[in-house]
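Engineer: Residue numbers (my numbering), protein chains in the order written: chain A, 1 to 392; chain B, 1 to 230; chain C, 1 to 161; chain D, 1 to 301; chain E, 1 to 175; chain F, 1 to 604.
Rather than coming from a laboratory, the hints here were simulated on the basis of the structure.
Any given hint could be a false lead.
[Unchecked claim] Result set (EDC-like, lysine to aspartate or glutamate): computed pairs, CA atoms no more than 16 Å apart in a straight line:
(1) F:K15 / A:D207
(2) E:K44 / A:E71
(3) B:K192 / F:D161
(4) F:K433 / F:D111
(5) D:K31 / F:E19
(6) E:K168 / F:D74
(7) B:K2 / A:D207
(8) B:K213 / B:E132
(9) C:K145 / C:E47
(10) B:K10 / E:D134
(11) B:K6 / B:E132
(12) C:K58 / C:E21
(13) B:K6 / E:D76
(14) A:K219 / F:D6
(15) C:K39 / F:E541
(16) F:K281 / F:D161
Note that the structure is a prediction, hence the values are computed from the model and not measured.
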Amino acid sequence: MFSFQPDRSQYPDIGPDGKFEIDLETGKFLKLWQGPNHPGITGNMSVELTVNGDEVVEGKTHVGYLHRGFEKLMERRTFIQVFPIVCRVCVPEPDFNEYCYAAAVEELAGIETPEKAKWIRALILEMGRFNSYMMSIGGIGGALGNGIVGQWLTYVRDLMLDRFEELTGARIYHMFILPGGVRAGLPEGFEGRMEEVLATAERYLDDTEKLLFTNAVFKKRTKGVGYIDPALFESYGVTGPNARAGGVAKDVRKDSPYLVYDQLDFDVPVEHDSDIWARATVRYRDLRVTIDLLRQILAKMPKTGEVMTSLPNVLHWKIPRGETYIKGESSRGEYGYYLVTDGSGYPRRVNVRGPSYTHAMALLEHLIPGTNIADVAALMVSLHTYPPEIER
Amino acid sequence: MKDIDKSFKKDTETDFPLREEMRPRKVTTPDGQVIDIDPLQDYFCQEPPKVHRKSYSAIVEGFYNWARANSLWILGFGTGCGAIEMRPLMTPRFDAYRYGIQWRPTPRQSNLLVISGYLSVKTLKRAIRAYEQMPQPKYVVGLGSCTINGGMYWDSYNTIKKLDEYLPVDLYIAGCMPRPEALLAGLMDLKKLIRKGEAEGANRYAENFDWYKANQKSVIKDWDMPDYSW
Amino acid sequence: MKAEALSKMTNVEEVLETVAEFDREAHSFYTDLIPKVSKDIRYIVEELARAELEHIIKLRGLLASPNMRAHLKDAILRPVADRRFSDAIQAPELGDAPDDQEVLQYALAREQTAIEQYSELAANTPPGPMHEVFSYLANEESKHKSDLEALYYQIVHSGGV
Amino acid sequence: MSFEWIHVAYAALTLFIVINYGMIMTALVRKIGARVSGRYGIPIWQNYIDLAKNIALRSKVTHGAMFYLGPVFRLTGGVGLLLFVPTIYGSVMHQNFSYAGDLILALYFVFFGTLGMALGAGESGHPHAAIGVSRGLAQVTTAELPLALAVYALSLQYQTIDITEIVAAQQGSLFNWTLFTNPLATVAALFGLVGTMMRSPFDVVMAPQEIPIGPPTEYHSSYLALMQTNRVLFPVAKVVIFMNLFFGGATNWAEFAVKAFAIYMIPVLIGVVNPRFRVEQSIRFFLKWGLPVGILAIVTV
Amino acid sequence: MRELIEHLTPRYSLGAPVFQRPGLTFVDVKRDKLRALLLDLRDKHGFTHLVLLTAVDWLEEGRFQLTYLLNNRAADQTLGLRLYLDRANPMGDTIHDIWPTAATYQRELREMFGIAFPGSPRVDEEFILEGWTDMPPYRRDFDTLAYSQQTFVERGGRETHEPRATMKHKLYPEG
Amino acid sequence: MGSLRDVLSPFTAWKHVIETPVTLKNPIGREAADRYRGFHQNDTEKCIGCGSCETICQNAAIDMVPVDDPKEGDSGLRPQIDYGRCCWCALCVDVCMTGSLTMSNEYTWVDTDPDAFRFIPGVDEKPWDAIAKGYQRPGERMLSGLTRPEMMEMEPEARIDNFDEIVAGYSREQAVLEADRCVECGLCVATCPVHMDIPDYIAAIREGDYDLGTQILYETNPFSEVCGRVCTHKCETVCAAQYEGEPIAIRWLKRHIIDNVSEERRLEIVGTPQVLPTGRKVAIVGAGPAGLTTAYDLARQGHAVTVYEAQDHAGGMMRYGIPEYRLPYDALDRDIAVIRAQGVEIKTGVRIGSDITLAQLKADNDAVVLGIGLHMGRSTRVPGSDAPGVEAAIDLLRRITAGEEVPVPKKVAVIGGGNVAMDIARSMARLQKQKYGAVGVTVTALEDFAHFLADKEEVTESIEEGIEILDARGPQEMVTFKSGKRKGEVKGLRTWKVISIFDDQGRFAPQYDEADEIVHEAEMVVEAIGQMADVSLLGDELTEALQWNRGRIAVDADGHTSEPWLWAGGDSVHGPDVIHAVADGHKLAASVSAMLAAKAEVAK
């Protein structure tokens, strides 16, 4: 009926390199910082935007607000002492750190993990994924102005945190997956209480679907926005749901099964639009898969068995020289630990490969130009990035 | 734990190279005036804040304190891990709103700065800025062990250990990280402090401004930052 | 059970006298023994003499207490063991230069006699202060004997590496 | 109606009642919103405490005269809006200063506050404020467009620009309400109402997630207290206009309370469950849906 | 994997491979062959995913190890290329044109290890640290505890005792 | 775009407005999960202050602070936790050697004072002290090994007919495995009479640096090879590892170091005295551990030391008291060789008192040190104990070592439950096996197995070798032949069952069950109940002149007797124990050397 210009103003000139020519002195542009103290930023990071009107012509991400020098700290801790700090690398989904680190140490030290411990690890990882997706979908709702979703799903996440607490003894940093196994088995009646949580979660997710995923405004805000060309996935290192939203069924759980994922029955949901909508939807569908996986794990888990192997005295535990890379499919994509040992009692180098590292830096900077200010937060949330794993 | 390298000496010689636009210089204004500008002057906030005395009337002050205690507006600045446990407080499970606690996105409208965990030097700079922008009286709560004595990151080259060196802290909550319940308990304690009129951190900051600034400058070398980054 | 043929009535004072005599004898016996034994084991004999002396002092204190005086004339049955007691007053054979083991064995035998004596006295005394005194004395002696036994074990049954 | 000094006192009383009503009602509405989330939400008197707290703050940083005047203008907009609109129909006390042309003045006041705010916020020097202002003005202007058209349709329908008369015309029966006599105009006006109440999906200007709370980002202490007062007063005042124009006005305070609440709940109902539009999407929405309805309302009169 | 390595070894003069586990192999490469090898691996052998790029400081050996971890998803194979740089003057070749995301890694390496990558975008900008004047912190000779003690104030009043020394002091002071 | 459904469906969310909020009514203080890792608790009675928690804490959150005086196996330190550091990872709980450290499920601690967040769990009272819920380690500790590696030993069948050494010593792998279990708390150091740097030499094993290990051993103990085999290892009784597993095999580890250093290398490492001769002369009576240690120390300080030994070989009780299968003579010889290499002269076969008088020694030397040991056996003196066929264990052992002919009857009864009893029983068993091809030894011990004096492994090995061990049997009489050719000779041992051996105060007071009487048939009864020193060499005059302390020569803390020229130490002063004797040796040497230095000072 009405045809406004399809693209918004082309006011900034396009330079020979295909980028906007920006000269702040002209007064046409305004520098605008989002973050680190900003409710729309997923954590403590910032984006330096150059705007023209309310169109963003350039975005630079700035990280380092959460930098604690983990990889350095790990180098002066013994192998067991590293264990409590790895989980801190990623606050909302710490378990992948614990798993990847433990698995890397086990591989280099030649330790076998008991079968039951593998199941419990998978359980923990899926519970973590559940929480992470809850935060992510709630965050997408929040970033686009629908706080109710965030409220509901944070509540559901709280319920899952209760299960976490019951199983691991802690709410956020579980410190449960030790090299050699896990700290303890399931408490009495855990399955039943978990089922209650899952049922509640499903109820809230049904409501969320009605509220968010069949919502005209939400569709309007997300469809076609933040499109990532699937051809760029490899060059920008896009993994996980972000890739699955663009039709690439990348999932480490399927591609290179670890723990007990080869014994579990699940499909990897794929969307094809590669925009914010697709990314949100693929997460939502993946969350449903996760709920199913949790049920499967609890049903198929062996009822008895050791959960921990005896370790050599960890106070002077030395691991021969070697290097390895362990990866897992976190809720945001490929999560990996690159561990180098040199035969001493300390890791030579630990490198954490968080998916946010590629998603929030190069990719986000690539995506931001040309969007509206209002979409920057949504874009960031849709990429589902956690700053602590970028800077570590 | 690896032994400390006793021979290691921190590089105290090298000054942080001041970017060109940060140097003091003379500028000609459009109407031809020549003025001195010193961009860093602003960032340092050399001007000490005013010490605000309490109201002369104890009853009025009491009423004010009651109001302040029951309308705690927290700056939604998640400085570290602890931020993740602040979120449940805003949501149905814990619903801190019913205690008069709310979140504000801008420091100008906040009364309470919750330092949620460790502060990297880079964030410390922003936290100080945010704190200085908050209107008085303002309160600081140190959430988690990291704020008390460095916590997990006691040997990190990039995180501070004692928050009270840099900001006047009213209350600490132990934990790594503290659960929402503990945080809530802390906020309730803070309310009691405010009601008793004992939460005068802002005045403490103003009175010992030089000390705080010296401490801050000892760890922050690059003071350049956009003055509105929230 | 009691050898009633030998028993006859006596009073407390007399019994206590015998007891005191027993202790005095023992004390002088041990005191005499001290120079006879080699210096390295003299401590055992000295301890024994000291213990007996302490015993005498304790007994004297008892007798002097006003509470006791009232009962001194109480008649009691002369105990059967009395005779054995009196026998023990006589120093048995203990060689010229006895070693530590012999001294201890001798002392243990004496203590055994004393314990039996006091126990029987206590059993024969109707409940009251006197009964308690004898029980107390029996208890004292058995404590003393325990000490000696411990010493014996320590010296003789030291085990070996 | 001739002016008498006593009307000043009456108007002050109206103001007082409306402010308190607004205080309680907005808190209640937040509690209702919280219920949807599954929470209890703020205490019903929280707004008073917040107000007292903000007044009690000790430091007040100003960025210049206009920064100070901004909230004053905004409050003036609210007060003015209320004072020139009959709050309770037929009541001498709460007739306020309504007069024959008050509809025009009311429309002006609806804009006035926003403009004042824009000026004040602009002076705060914060880029968020500056961007917020430009986005806000653009959006509000288009949102007001259907409202203006609806008012135009109304004045055509009732042949007057005196609100009191418009209310009078709606008395008697439920079906005399403009809602039923001119539903198109009502719908067009509701576009305006929803669009200017700063609720989703049209609250992108104030959204904390993007440009943190937009124009008032620098406002604090008593400046903020002033704005808070306005924030409870202005929506109610606006609702009063809608009540008068489309829903038959109110003849007593009870009716006022119920109707104002009900009308106020319209944007709330939508807002709680919807995400927000971008500015240009909002503009497009109003132009695409609001404007035609408004024009249609005029055409069909 | 073995065939591929055997195939590539003569052409790119690779070092002896380490088969860490099925699906993960490490191999040494020479700097001048790196670029051609990466392109070859990416375009012809399906190693399209740059998993990570990081460095290891072998202080004792006087060199940095750059690890390029590439993944071939279809074959579920990960290949780690190890490239050694002289620690005294570490200089790497930027590969941001092959994988744009490598620019971030290179920025980090520049800042944390002091390895230069001429030509990489924003490589000389501050990345994570701010106002940093000391040596690059991930280098092995940077002692984080010492730096932290010399920079940040610690809460005082703590004193610990060693059981052995305490017992010696109390139980056998002269022994 | 967007269907009507998309517009309307969001409004379904409003149904929640009539639901009761899910908010917790009073969240503050909500009880955490049963396993929650909250604030620490410490059972201070159970805690031994080993400091493993401090070592493993990666936050440096734990300080060990003194709360009590140290005693054996307890440093008196207790962990103080700084909640300005703690991360509640509970590694300290997992690593805790005694399991004393646990966590409650309490989690709220708010304070205005940042210095307040420190406390000593169990000592500073806290509201959560009594909370039973919270993180407890499930089962035993997993972070350090619980059991020792199996020591390679000769099978009973292989060892019973010879005097070859039984244990093989640890292999490198086993030693590393065992050394790995050590948490290096150092509680053992105080208990070790010579305060060997046990954690350090265990660390040296881990590092594979045997030279360093040897060096550490020789700093405190010149009899490391002997002690590596026969030490009473008091250290192992206080080892932190024993609380949930086996104590570290400290003795075997010590032996492992020496086993891995050749004799030549050992001499190189130890070296010879690096000082000029002082010209002072010291005579030492008795070439046992005490005497030789004194000699070693003094010689290294440049004094001229002569050791007089009554027997034909040096070594004292180590040679004549300990059977060869436990301590091979060449091992002892290697240790003595190192001592000899320091210039110590050892005169064997010289009996002081008869060959040379003490007075003469006094005249010829600046100082005389007595290390005469306990070479006389105690007798039970039960009836018949003077009958032929009743032997003293210590005497028998000496004769076996010296190669003298000893009677080996088919049936032997041994009285005693100590290691000497085991030694003689096993030696006799070997001789029996050699002679008759069968073992017929019965050991009757006063103590029950729970209070046995002999080492556990001694008892097990004895049983393996076919020796019958009867616990809780009190000897009553040596039964003799009443008539016949062998009239008066022993034909058995009559014992009663011991009901209880100690009274309720823990003192010796055997109670017998006279009904439970056994007569153990035996042609030889060996009394192995204890030993005493033969002090006859002192002579009456000196005996009279010396101060005595409960049957032993009275010495001050340094081993100095009441005579200014005479020192005494070792078993005869402090009871039977090699390692104590070595400790005494060091003390004596220090004291003697101080006296000599003072003398030299005066002479100048």
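Engineer: Indicate, hint by hint, whether the structure satisfies it.
Structural biologist: Hint by hint, here is what the structure shows:
no.	hint	result
1	F:K15 / A:D207	holds, 10 Å
2	E:K44 / A:E71	violated, 34 Å
3	B:K192 / F:D161	violated, 85 Å
4	F:K433 / F:D111	violated, 76 Å
5	D:K31 / F:E19	holds, 13 Å
6	E:K168 / F:D74	holds, 12 Å
7	B:K2 / A:D207	violated, 53 Å
8	B:K213 / B:E132	holds, 12 Å
9	C:K145 / C:E47	holds, 13 Å
10	B:K10 / E:D134	holds, 7 Å
11	B:K6 / B:E132	violated, 38 Å
12	C:K58 / C:E21	holds, 14 Å
13	B:K6 / E:D76	violated, 46 Å
14	A:K219 / F:D6	holds, 9 Å
15	C:K39 / F:E541	holds, 10 Å
16	F:K281 / F:D161	violated, 46 Å
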